[in-house]
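Enquirer: Assemble the complex: chain A is given as a structure, and chain B must be docked to it using the hints.
What follows is the residue order along each chain.
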Amino acid sequence: MSDFSPLEQMTVVLARDLKDRELGAAGAAALVPMAAIALARELHAPNLSIGGEMFFNPYPSRLYPSMLDDRALGRCEGSETFIELFGHSHHGLDFFFHSGLQHDRFGNINLHFVGGTLDAPKMRGPGAANLSYCHTSTRYYICPTVHNVRNFVGKVDFVTIPGHLDGPQSKRAAGLTKEGPRFVITPRAVMDFDPDTLEMRLKSVHCGNSVQDVLDHTGFALNVPEGVGTTPPPSKAELDALRNKIDPTGELRH
Amino acid sequence: MQRDPKLVELDEAMALAVPALRERPDLCLGGLFKQSRPVALVRAALAAGAKGLNLYSSPGAGYDVDLMIAADAVAAVFIPGVTLENRLCPNFRAAVESQRITAHALDALSVVGGLMASANGVPFQPIAALKASDVLKHNPLISEFECPITGDTLHAARALRPRVTFLHAQEADRWGNIRHLSTMVYADQLMARASDMVIVSVDRIVEDDVVLDDPRRVTIPSHYVDAVVHIPYGAHPTASFPLYAMDEEHIDAYADLGDAARKGDPAGLSEYLSKHVTGAPDQQTYIDEIGGAKRMQVLEQEAAEL
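Protein sequences appear in the order of chains A and B. Okay, so the first sequence: first residue is 1 according to the working numbering, each after it adds one. Okay, so the second sequence: first residue is 1 according to the working numbering, each after it adds one.
Watch out, some of these pointers could steer you wrong.
Straight line, CA to CA, 25 Å or less: simulated SDA-like cross-link-like pairs of lysine to any residue [stated by the list, open to error]:
hint, chain 1, residue 1, chain 2, residue 2
1, A, K155, A, D194
2, B, K131, A, N47
3, B, K137, A, D194
4, A, K178, B, F145
5, B, K51, A, D119
6, A, K122, B, G264
7, A, K19, A, K122
8, A, K19, A, T117
Honestly, the hints are just simulated from the structure, not real lab data.
Just chain A, same shape as in the assembly (with noise of 0.2 Å):
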């Protein structure tokens, strides 16, 4: 067994996309995602900005299991309302993360409802609030949780948050013109997305799983590339970072 957990190499994962100068947000879901924004400040982005959901650069001083309120983000350097998210929400940001009750091979997600349909759904999800950064932002990263054959799936129930669509055509069509999303993060795998086809492909496995695991756990037929390797794990800098600066109390292993 490795000596880091599943959610600790999502963090450092995404940690090494973020850049330096960019802004961003982590969304409705957002442990893992705040964890790695912090962490890519910490070690190679000092001036990447947290901004776009009604604060600047906040300064937890622990992570929490949400991270959209006052006990996580009281701290921070500005303070914003709705008002001004009505307008980052236009104007987009450099990064964002989602995550659903499913998502596809073109990497929708789906929040709404899974069986049945809007008005009599089989199982009611929570919907979702922002469906803008998504598309207004320059890209985004699928970051479930959790990743099997329930939430991995051919085709989403609902569109709550547009990926690539049915691909490039249906994307061009719908006037999407940013690159959406770019990565599927999971506690097993990254994905990302084939550039001629834009469907869903195997990038790399984590250590521990194999790519039978993987395929097993999602349920479509995942793209395969020769040569699919082994995620980089976390350094121990990257490790000393998070478990002394961001994530003293352990949130990423419970």
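Expert: For chain B alone, kept in the frame of chain A given last:
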């Protein structure tokens, strides 16, 4: 002549709100998820028999909306995200799945834009950032239109005018000037400007000089406020930062009762409602029953340590 204070007792506030909601049942709730929700006002409205409500809020809500659904007071929910964050809202879910209430598919900008239009006194707010989501096929708050400037197809969010808005803040003076001491103020200021009637609960009342010495700290001037009610711990079990944190244990225990009811065992949820909602005559009794001063100290301590 003397100026009329807006500070009233809870039953006086309900005598304003409940008949207004009978006239037009559009109720808007302040705060966000587990922060600064006007829960004591919600409980009082339920106890006073509010029914058939259309619920609005800032774009994210949870416990209080679920509680109103459990008490059978809701017809439709116009809130984009309804969740307890760490788990789904049990009564919301059960009521939608059994088609007892309508949960509209919405997004944050339609709700915020609709409140902005209402606050600014214009019929709609243009939105240029909605694309490709299935929500757009169902969202009743928006219409497509051609922009007269660019020719692009945009969305118009129609002005939303809640009949009554309930808010919770930390402080007010007797005239109804409201001071949020929390870092985030959500959409509370916008709702206050967008609504026909605004009722605010506050944890404490301050002297007039406190307001006059620091007017920029006033988040909602009394002009927008119809009544303010002094209700210590009025947001419990949600948080009122920086005074007290959310009572996660209480909300979790409530959600367990809701989930049991969803699976066919409503006894615990019924008992919760009759004890804490319809049966608690005043805030002190409510606080005593949910753990008293000892529990409140824990939540105050948690907020103070941040």
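Enquirer: None of the hints should be skipped; say for each whether it holds.
Expert: Going down the list of hints, with the structure as the test:
no. : hint              : in the structure
1   : K155/A <-> D194/A : holds (17 Å)
2   : K131/B <-> N47/A  : violated (31 Å)
3   : K137/B <-> D194/A : violated (29 Å)
4   : K178/A <-> F145/B : holds (23 Å)
5   : K51/B <-> D119/A  : holds (21 Å)
6   : K122/A <-> G264/B : holds (16 Å)
7   : K19/A <-> K122/A  : violated (41 Å)
8   : K19/A <-> T117/A  : violated (41 Å)
When the structure is compared with the earlier hints, violations turn up for hints 2, 3, 7 and 8 and for no others.
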